[in-house]
Amino acid sequence: MRKLNMPIRDEDIRSLKVGDPVMLNGIMLTGRDAVHKWMVDTFIEKKHPPQGEDEKIYAKIKPMLNGGVIYHCGPVVSGLDTGDYKFVAAGPTTSIREEPYQGPVMHHFNLKGVVGKGGMGPKTLQACHDVPGVYFHAIGGAATLIAQSVKKVLGVYKMEFGVPEAIWVLEVEDFPVVVTMDAHKNSLHAEVEAKSKIELERLLGAS
Amino acid sequence: MQDYTEHILELVRLTATDLSPDVEKALKVARDREEKGSAARGALDSILLNVDMARKNSTPICQDTGTPIFYVYHPEGWSTRKLRQQIENAVAEATRRAYLRPNAVNSLTGKNTGDNVGDEYFPTVHFEEVEGSTLTIELMLKGGGSENVGAQYKLPDSRLGAGRDLNGIRKVVLDTVYQAQGKGCSPGFLGVTIGGDRGSSYCASKEVLFRKLSDTHPNPELAKLEGRITDEANQLNIGPMGFGGKTTVLGTKVTDIHRLPACYFVSISYTCWAYRRRKMIAENGKVTYE
Chain A
15 MRKLNMPIRD EDIRSLKVGD PVMLNGIMLT GRDAVHKWMV DTFIEKKHPP QGEDEKIYAK
75 IKPMLNGGVI YHCGPVVSGL DTGDYKFVAA GPTTSIREEP YQGPVMHHFN LKGVVGKGGM
135 GPKTLQACHD VPGVYFHAIG GAATLIAQSV KKVLGVYKME FGVPEAIWVL EVEDFPVVVT
195 MDAHKNSLHA EVEAKSKIEL ERLLGAS
Chain B
14 MQDYTEHILE LVRLTATDLS PDVEKALKVA RDREEKGSAA RGALDSILLN VDMARKNSTP
74 ICQDTGTPIF YVYHPEGWST RKLRQQIENA VAEATRRAYL RPNAVNSLTG KNTGDNVGDE
134 YFPTVHFEEV EGSTLTIELM LKGGGSENVG AQYKLPDSRL GAGRDLNGIR KVVLDTVYQA
194 QGKGCSPGFL GVTIGGDRGS SYCASKEVLF RKLSDTHPNP ELAKLEGRIT DEANQLNIGP
254 MGFGGKTTVL GTKVTDIHRL PACYFVSISY TCWAYRRRKM IAENGKVTYE
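If you read the sequences in order, they're chains A and B. Numbering-wise, the first sequence is residues 15 to 221 according to our numbering. Numbering-wise, the second sequence is residues 14 to 303 according to our numbering.
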């Protein structure tokens, strides 16, 4: 199986095709609903001025996201009282909620990959083509299994968003994913949806 | 009244980390049905491996440990106020032990309470008095991804050509499965209510998910509808995780409740493959789990 190290090079991204299984290695950051809104409102559209530590956090995460990947994940973490964090359960969350934000976030941070589940829509597919980047699908709900790939928690930012919504900085080893949206405008999700629509129409016509 | 906090804590641990045998069996049957080497089969292999590891390690099957939904059936004269307190204490302790993710978020401020105790709706607790001296507590942990793909229709629905009959019900349920694609972590299970008002209809669609997978509806027409919906949902070929494949829905449970003349709601609760529900029975000083 193909292994990729983060940061990922453009030629590697362009060589990936829908259906390719991949093992990811290196530094990965989690970010989901609150993080995407915060990134867009504060640093991309600049609707709100940075608060508190925001600018320091931005300076820390920007180089890690450059050529890197973001993981749509709200983990179960142990060691919250001691700060000796360990990922106990860490499967992907549904990605489509980030559809309004993902393209701008990919462009702004030069993100090469988005890890999540359920797939994303046409705006993200366009961003995958332009940046370039890919969407990596992890197995939804396989939380204990996926947590084994997280070797170390290197840090956490924006803890005021709560444990599931914070930015967790992870070192991962052989993190298992499948490419379901590539940099050539192919989306397994669009394909499955189109085919299922034909079946739905047929079934709706029955009595 | 006895303090059941420790027993409820065990119920929470069991529900979060140990998938019921009937659900695991259904997943195995589905895995064997998918083609060798397909993404669908690979997904189900990972799911089954994960179920096994979670049970052995006593760690959550899925990181989204969901809304804790309790149904408490208690003997006459028991204090529901005390029982609720015990449930809240157990849930908070389960969160400290990382069986549960802190999931209760203030809708206005975004602040997470950190212990899964939010307000009188979180955790959700339903009480019902029963005859005899047995205490039964059922718990479902219902994740947010699958909750987001649930739906409510009012019939007739002209977009789908769905009238106020069993065929109309079939159509709107299939539309829900189509709309969900893989976003609710398929293969899923469907709880369907025919009737009620908007609130009772959704509520009953979750209650029906406490039924055993092997149960069929006592009304033969509804039993037939359950089977047909599952069968036709699988013809959509959405597959595990939305990767395409033969298994999209593993079971459908239908219930019908009285409605107003003007209203004809059909409510669908979708639960992901990590269909977590368990039962605790306290009888003659002895506590058992199912």
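Think of the hints as simulated: they come from the structure by calculation, not from any bench. It is possible that some hints are incorrect.
Straight-line distance between alpha carbons at most 20 Å, and here's what the computed PhoX-like set of lysine-lysine pairs gives [claimed, not checked]:
1) Lys225/B - Lys49/B
2) Lys299/B - Lys38/B
3) Lys124/B - Lys172/A
4) Lys51/A - Lys17/A
5) Lys51/A - Lys124/B
6) Lys211/A - Lys259/B
7) Lys100/A - Lys69/B
8) Lys70/A - Lys172/A
9) Lys225/B - Lys292/B
10) Lys259/B - Lys209/A
11) Lys74/A - Lys51/A
Hinted pair Lys70/A and Lys172/A, Cα distance within 20 Å
Answer holds: Lys70/A to Lys172/A is near 11 Å, not above 20 Å.
Can you confirm whether the C-alpha distance between Lys225/B and Lys49/B stays at or below 20 Å?
29 Å, violated
For a C-alpha distance cap of 20 Å, please report whether Lys100/A and Lys69/B respect it.
18 Å, holds
Does Lys259/B sit within 20 Å of Lys211/A, going by the straight-line distance between their CA atoms?
15 Å, holds
Does the structure keep Lys74/A and Lys51/A at a Cα separation of 20 Å or less?
Status holds; Cα separation ~18 Å.
For Lys51/A and Lys17/A, compute the direct alpha-carbon distance and say whether it is at most 20 Å.
Not OK: Lys51/A and Lys17/A at ~31 Å, beyond 20 Å, violated.
Does the structure keep Lys259/B and Lys209/A at a Cα separation of 20 Å or less?
13 Å, holds
Holds or violated: Lys124/B with Lys172/A, Cα cutoff 20 Å?
Judged against 20 Å, a Cα distance of about 12 Å means the pair holds.
Going straight from one Cα to the other, do Lys51/A and Lys124/B come out at no more than 20 Å?
Between Lys51/A and Lys124/B the Cα gap is close to 15 Å, so the pair holds against 20 Å.
Going straight from one Cα to the other, do Lys225/B and Lys292/B come out at no more than 20 Å?
The hint holds at about 11 Å.
Straight-line alpha-carbon gap Lys299/B to Lys38/B, limit 20 Å
Violated, at roughly 28 Å.
Checked against the numbered hints listed earlier, the structure breaks hints 1, 2, 4; every other hint is satisfied.
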